[in-house]
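Line by line, the protein sequences give chains A and B. Here the working numbering is used: the first residue of the first sequence is 4, the next is one more, and so on. Here the working numbering is used: the first residue of the second sequence is 5, the next is one more, and so on.
Keep in mind the hints are simulated off the structure, nothing from the lab.
Below are the EDC-like pairs computed for lysine to aspartate or glutamate, each with C-alpha atoms no more than 16 angstroms apart in a straight line:
hint, chain 1, residue 1, chain 2, residue 2
1, B, Lys12, A, Glu142
2, B, Lys128, B, Glu93
3, B, Lys79, B, Glu614
4, B, Lys128, A, Asp54
5, B, Lys432, B, Glu447
6, B, Lys149, B, Asp114
7, B, Lys12, A, Asp311
8, A, Lys84, A, Glu142
9, B, Lys125, B, Glu93
10, B, Lys304, B, Asp118
11, B, Lys128, A, Asp56
12, B, Lys125, B, Glu188
In this text, all values refer to a predicted model and were calculated from it rather than measured experimentally.
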Amino acid sequence: MKTETRSEQFVPHSLLGNLLRKLHIDIPLLICLLLVLSLSFLILYSASGQDIDILIRQATRMLIAFVLMIVLAHINPYQFKRYSTILYGIGVTLLVAVLIMGQIGKGAQRWLDLGFFRFQPSEMLKITAPMMIAWYLSENTLPPKWRQMGIAGLLILIPTLLIAKQPDLGTSILVFSSGAMVIFFAGLSWRFIISIGAIIASLTPIIWHFMRDYQRARVLTFLDPEADPLGRGYHIIQSKIAIGSGGIYGKGWQGSTQAQLDFLPESSTDFIFAVFAEEFGLSGCLVLIALYIVIISRCLYISIQAQDSYSRLLAGSLSFTFFVYVFVNIGMVIGILPVVGVPLPLISYGGTSMVTLLAGFGILMSIHTHKKFLPT
Amino acid sequence: MPRTYTIKNPAEENRIFTGRAIVAMIFILLLSIGLIVRLVYLQIVGHEHYATLAKNNHIKISPLPPTRGIIFDRKGRVLADNVPTYSLELIPEQIKDLDDTLARLQELLDIPEDKIEQYQKLRKREKRFTSTPLLLRMSEEEIAKFAAVRPYFPGVDIHARLVRHYPYDILTSHVIGYVGRINENELKRLSVSEYRGTHHVGKVGIELAYETELHGKAGYAEIETNAQSRAISTLKTVDPTAGSNLHLTLDIDLQKIAYDALDIYNGAVVAIEIKTGGVLVFTSRPSFDPNPFVYGIDSKSYKELQTSDAQPMFNRALRGQYPPGSTIKPFMALAGLEYQVTHPGQKTYCPGYFQLPNVKHKYRDWKRGGHGTVDLNLAIVQSCDVYFYSLALSLGIDNIHRFFTKFGFGEKSGIDLVGELSGLQPSKQWKRKARNQSWYPGETVITGIGQGYTQVTPLQLARATATLANRGKVVHPHLVGSFTDNGILKPVEAKPETSLALNPRNIDAVVSAMINVVHSARGTARAISRGIDYQIAGKTGTAQVFTVKQEKRYNENEIAFKLRDHALFMAFAPAHDPQIAVAVIAENGGHGGSVAAPIAGKIIRQYLQESSDEDRNAQ
Chain A
4 MKTETRSEQF
14 VPHSLLGNLL
24 RKLHIDIPLL
34 ICLLLVLSLS
44 FLILYSASGQ
54 DIDILIRQAT
64 RMLIAFVLMI
74 VLAHINPYQF
84 KRYSTILYGI
94 GVTLLVAVLI
104 MGQIGKGAQR
114 WLDLGFFRFQ
124 PSEMLKITAP
134 MMIAWYLSEN
144 TLPPKWRQMG
154 IAGLLILIPT
164 LLIAKQPDLG
174 TSILVFSSGA
184 MVIFFAGLSW
194 RFIISIGAII
204 ASLTPIIWHF
214 MRDYQRARVL
224 TFLDPEADPL
234 GRGYHIIQSK
244 IAIGSGGIYG
254 KGWQGSTQAQ
264 LDFLPESSTD
274 FIFAVFAEEF
284 GLSGCLVLIA
294 LYIVIISRCL
304 YISIQAQDSY
314 SRLLAGSLSF
324 TFFVYVFVNI
334 GMVIGILPVV
344 GVPLPLISYG
354 GTSMVTLLAG
364 FGILMSIHTH
374 KKFLPT
Chain B
5 MPRTYTIKNP
15 AEENRIFTGR
25 AIVAMIFILL
35 LSIGLIVRLV
45 YLQIVGHEHY
55 ATLAKNNHIK
65 ISPLPPTRGI
75 IFDRKGRVLA
85 DNVPTYSLEL
95 IPEQIKDLDD
105 TLARLQELLD
115 IPEDKIEQYQ
125 KLRKREKRFT
135 STPLLLRMSE
145 EEIAKFAAVR
155 PYFPGVDIHA
165 RLVRHYPYDI
175 LTSHVIGYVG
185 RINENELKRL
195 SVSEYRGTHH
205 VGKVGIELAY
215 ETELHGKAGY
225 AEIETNAQSR
235 AISTLKTVDP
245 TAGSNLHLTL
255 DIDLQKIAYD
265 ALDIYNGAVV
275 AIEIKTGGVL
285 VFTSRPSFDP
295 NPFVYGIDSK
305 SYKELQTSDA
315 QPMFNRALRG
325 QYPPGSTIKP
335 FMALAGLEYQ
345 VTHPGQKTYC
355 PGYFQLPNVK
365 HKYRDWKRGG
375 HGTVDLNLAI
385 VQSCDVYFYS
395 LALSLGIDNI
405 HRFFTKFGFG
415 EKSGIDLVGE
425 LSGLQPSKQW
435 KRKARNQSWY
445 PGETVITGIG
455 QGYTQVTPLQ
465 LARATATLAN
475 RGKVVHPHLV
485 GSFTDNGILK
495 PVEAKPETSL
505 ALNPRNIDAV
515 VSAMINVVHS
525 ARGTARAISR
535 GIDYQIAGKT
545 GTAQVFTVKQ
555 EKRYNENEIA
565 FKLRDHALFM
575 AFAPAHDPQI
585 AVAVIAENGG
595 HGGSVAAPIA
605 GKIIRQYLQE
615 SSDEDRNAQ
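Kindly generate the complete structure, drawing on both the sequences and the hints.
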């Protein structure tokens, strides 16, 4: 897996290899992505109750996302760096616009309706926020100094709070972690990390105060799901039954009684992992988690191999954010994290997260395939 | 590590990053192991436990919907209750060929096409494995027909459900409103836990305004079911709490008298118990039967209701905005006395028309030859327009606006219903804002007789009359008098008392003129004074729908029914111990005295007779 990076620049393997290289595609990453996406099709078919329409819609979104990935892979990382500030500015402006529109229209508002399609600006920030931080920090010497860390922190908090106010807790967590990871990779001092941890622990009661009622309800339900079995607790109770009953080998494809009998709500979207675990058992879960870890390892490897600080920081953050997706979703479905609306990456039904995720992989591929030849 | 850098050191930066990436990877692996440990715990250690729950014996959380509160009138008669009905319900996921099943059912039970369409829509909206009704309220015959062939219809069954029923149908639809199937918008708004298992929600009227109270609290049962999802046993039950019963201040007898008395006229009647503000009568005619809405009215009947010229779905009492005509003259007179621009003895000469200085236009009196010299009493008794043209001009539009607003004109009454309209009490400021025009003196003149921009709802007119009868203590109309809370009957909290601080002598002058409207030989409503042993204070009104040209005369025989004037009447009784206030509007009724006043007379007579009977029984 690690050998072809250097040799591929000179030695033409096969016709396909040549083509893919011209397309600026990273083959190991592509193979892993395709494997996970095929698992997605398999489990969606089952979870949706053999609904071909849903598969067709998901395939359409995947196709769009793939095209975007390849387009981004073609762009030189230098261009990403150049437009980081502008893209970040546009993203934050759109967030403010959505918030104002939401206030006029009353109630939650996450979408910007562009007529032919609806666009969620908060998704954009999952990529443009780490871009911005990576640009800002790489303009200075690393590791960052206190002042730079303060400014970077502010740049992260602005979109995070705007998204949390929508309110979309899941996305705001992802944006925050993608920004924070850039600072971490830039060499945030360990002393600082530990003291921040201590401060957060003491700030918890204050955060609690600012949470919306339904967010609090989610946290409380997490602590005691049985308290509201008709409403909030229903998801977790049913999803634990589904996963547990899957056992080691699972009930087989399309064998999920819990999802099939509709005990499990949101079985095609946020809670799809429960269906997966029920049908494919612990062995299937291990395979899926292993696939995710291979993808993340490859991404981190690409980051380490990157030639400049900006690319490294951005790639590192995107890689880690992918893991946050996996961890938060699986964690909530198996009942060790509160229920926040985060989909299982590349598997859950839905277009927006698919597009942002593959866009992220496109950037990683661009970083990996646009290297200047440097003799070592 | 050196503390400061002056130039970038790529090798050092690369080294830091690589270190951090390794730390991140370790962190990722550790957290992944955490996930795997939890999965092992659920899927190996807990497998047997969860498999038992899932495999053969499911525990199904079955919602127990609360029983909706019952609505009573003031004498305890049931206006809205829940009756058991039988419905034909399908679970689509248990049916092999849904289209075929539907076709066979359609043939068997002669189901109209739009019911099938309605079902198809409903089915798509419901969660999977939900029993969804195709036919509600099955007849005995339909039940028997289906029961005979039931084995041939797997996944189809007859269910008994409690469904809302309104025994007084057309009499209460504009007060109680109705419940209907929960739609998508409502689904977003309603609490998921509370409405799981409930199919209906209040759409209008009391049913909507008191949805929270009427609904109650949902319970649930943990039911053990086998693989075919048949119930084996109930493990645990949390009982639902039934919704509160509401006791209205409405009197259904009076409501019926009012509705019948309106007879051929479209219009509205509102009567208020003065001491409490409890609404006794709240009638809008024509009306409609709310019961079909509960089961899902078919589109043809709905369209008929919507497009009918008489607009039976339009709540005239709450949302009908009419020019009040002469019914506002008592308030105008009181304003003149309170602002001291006139006194009861001051005389005005009425030649049959009124002119502004240096303007040719003649504002006509309804009486062509004029009333001659009139004082305040005679002006109200004979409803002299010229007197009030002149009085309004002396008051000025802003004083009029200020005074009438205190009586609730141009403002919502705050009744416990949804969708009330506020009417319009015009002012200079309003005209500037709404039309961007300045106010003309001529508009003040016609405001004096309740024409021009002024618009009132029947509810507002009744409320203002009640407040006047209550000698300036503001009356707050409401429909719910008391409700049960955990089985205990509790009265609705009264609103804080406010008084308009009116001069009692001014009130007496106006009220005595209003008594003369009914009881003097020349009063416009003298017809209703016959055969009663108490006094009624009232005022007739006739509101123009159709503008008569300057030199033409209004002749009701010549113009179409639709263009005839609206007949109005407001009154309270007994005049010296006021108990009930009434407002009547009969659209295109022509004359307030001959059409609207008798309707109010019947209600007052019935109400006072009953209360004196009660007094006698009490003694």
